[in-house]
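Could you build the full structure based on these sequences and the hints that come with them?
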Amino acid sequence: MSRRMAVIALALLVSVSWAGAQSKAWEILREIVLVPGVSGHEGPVSDFIQGRLPAGVKAGRDAMHNIWFTVGSGRPHILFVAHSDELGWTVDKVTPEGRVRVKPGGGILPQTVEARPILIHTAKGAVPGIVAPRPGYDERPSQGEAQEAPFTAESFDIFLGVGTEAEARALGVAEGDPVTAKKTFTDFAPGLMATRAVDDRAGCAALLDAALRLKPGAVKGRTVTFAWDVQEETGLFGAAELAKTLKPDYVFAIDTFVSTDSPLESKRFGFLPVGQGAVVRAIDSSNITPKTEILKVLAIAKKRGIPVQVGNSRGGNDGSVFLAGGAVDVPLSWPGAYAHSLIEKIDRRDLEALTDLILAIAADWK
Amino acid sequence: MSHRAQRTGGLVAAAVCVLAAAAGAADLKAITKELFAVPSTTGNEGPLAAKIRGLLPKDLAVEADGLGTIAVRAGGTAGPTLILAALDGYGHMVSGITPEGALTLDRPVAPPHARFDAFLLGQPVVIWTAKGPVQGVVSQPAMHLLTPERRKTLVEGFSLEIAYVDIGVRSEKEARAKGVELLDAVTYPAVWTELAGDHWAGPGLGLKAAAAGLVGVASALSGRSGADGAVVCWAAQTKFAARGRGARPAVGAVRAKTRWQPSRTIVVDVVAADKGEGSPATGRGPVLIVAKDGPAALRQAVEAAAAAAGASLQILTAPDSPLALPFAAAPAEVVTLALPVRFLNTPSEVVAVKDLEALQKVLDRFLRPGGAK
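Those protein sequence lines, which keep their order, are chains A and B.
Residue 1 is where the first sequence starts when you use our numbering, and the numbers rise one by one after that.
Residue 1001 is where the second sequence starts when you use our numbering, and the numbers rise one by one after that.
In short, the hints are calculated from the structure, not lab data.
Backbone N, C-alpha and C fix where the C-beta goes; we use that ideal spot for every residue, glycine too.
Each statement offered as a hint is correct.
Simulated restraints, written as ranges between beta carbons of each label pair: (1) A:Lys183 - B:Val1062: 38 to 46 Å; (2) B:Pro1133 - A:Lys183: 18 to 26 Å; (3) B:Gly1157 - A:Pro216: 52 to 60 Å; (4) B:Pro1133 - A:Ala55: 38 to 46 Å.
In silico DSS-like pairs for lysine-lysine, Cα to Cα no more than 30 Å straight-line: (5) A:Lys58 - A:Lys215; (6) B:Lys1152 - A:Lys103; (7) B:Lys1354 - A:Lys183; (8) A:Lys182 - B:Lys1152; (9) A:Lys182 - B:Lys1029; (10) A:Lys182 - B:Lys1033; (11) B:Lys1131 - A:Lys183; (12) B:Lys1131 - A:Lys182; (13) A:Lys296 - A:Lys244; (14) A:Lys24 - B:Lys1178; (15) A:Lys183 - B:Lys1029; (16) A:Lys58 - A:Lys24; (17) B:Lys1178 - A:Lys182; (18) A:Lys267 - A:Lys183; (19) B:Lys1173 - A:Lys267; (20) B:Lys1033 - A:Lys124; (21) B:Lys1051 - A:Lys182; (22) B:Lys1178 - A:Lys183; (23) B:Lys1275 - A:Lys183; (24) A:Lys93 - B:Lys1275; (25) A:Lys103 - B:Lys1275; (26) A:Lys267 - B:Lys1178; (27) A:Lys93 - B:Lys1354.
Quick look at the structure:
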């Protein structure tokens, strides 16, 4: 065997010793983004995750649809958590004309959904609709006219193709039904895409992929819990519920790093380029990660040859809920451009680096 | 024939009619979807013209005017009747490539309304390059980073001045390697949505549906003689106004007038619908738009064709559009038969299938021998 071949064989041996099969995170992501799961309505996405957990694990699931499982024993207790909910709306009422109004909120720029297709996820299945453009959208504002009212979720007037409330209800539409934007994929290149709900389905996919690749025996002398929690976008409620029973020493929240890698953004902070590796969120709106822990992550990543970037940006994470219970929060991410939009952008290499990083931490963290 | 046999025969005939109608609707949907998938902005009508050519019966000779307009002609001697629809829709084009590989945008023609460009914010788009379609997104600010000031400038004040298309590259060289060049058409992806009540929705759908209806009408001319010298035409550059004083007719229509010198013209267009009291509505049939109320031979002929086809019409009196203007000089006659479109000139134009079917039936009946009399 040549020296080069021996090096390659050794590298392969090392890589398979701590992580199992090839990453499927990208493929999982492309499936899971399409599963509806507006905050408070995560049942379908939790079913998706639970149905794909490694054979033999004993998963917990609570009434909120939080899911988790634990391997290993001893200290430290490490928790990896990603949130399964996505941004969206819920039906507030159906008008006599068969139009649908939604409750305030959403977390997405309402303007980007104006005159766009949406899906209402009813008990009878998904019902498509179009968010009507604002009244007078095509009329020239007359001089002296009062300033145009902002277009908000309360402005949504969803056309389903019917003309009466009875017809709308016959489609299955009811108050409380979750509403999502109709999702499409923008494939810039193989392994580089944009779509809705990458936040935080990429975290879910990375965690699920790591769980599936985790080799039996890789976790020694520590306890590792994988969790997919709900209602992060509306106030970290799923994490708060988990925190009642889970008391980790370290929590690694897996969620978007709001990157300014976009032609529109200032690069003053948050500029971690898409495609250059996983991310340790040093500072965000909910947590300051101790530098000692950042260095530990970087050391583990370096040992495995995993590309990792460190940055500060905005936005919160589920791990912050566990701070009061004594945990140290070390949020892990991928650089995500256009966060909270229909075009959340992600690079496959970053996602796979993140998965590798999760596995490495599960195996090596002290 | 016995009464029972007569009844059975009647049922069979009715069933055949129903099946034929269903097949016709299926064809119309298939053709509309085919055209829907093809980009066609003003000055970039070639791909749609080629698609329409491919859908027409082979025995129909296709004429072209050198600017992108195509037409087919049926035999006849009574002087040309022109049925004209637009080939081009509103859209954008690449106006520049930044050193970082982002694309800037411009429009080939003036927008149909002031909010037209604002719909681009945060949307997927397709750049139609010579090497094939390139997918991209129009950048938007991340929600987490929006201050009130940035919201005002980047969201409320969004315009082409700050519209950057991200195609996933880092340099101008990489963008060009993908095939992107200045003037490439930029459109929304052809995302088709089917709503309840037999409504279809999508970007630029009104234009494509009308063009598809005309494909069906032209196909029916195949092998038919005596159709009053009819020319069925899909005109390019109809969103571009001819220069000059006074009213500004559409360039494509002016050229069609010069070439075919029609004595009667039916412009097949789209019209904004469901905009409140007095507005045309979707689902109530095509809209016959006339410049002035009162009897006129062409209007009466269209109404008679509609009655014979069992199709209802909505009547709207409105000034001649830039498409109709060139044909309006007496003794020539022009009317517009328009497909009502909800949310016209937005990324989700909505059409009712029965309006489209009725439009096709009226025109088909009009062009049958004797139908236009």
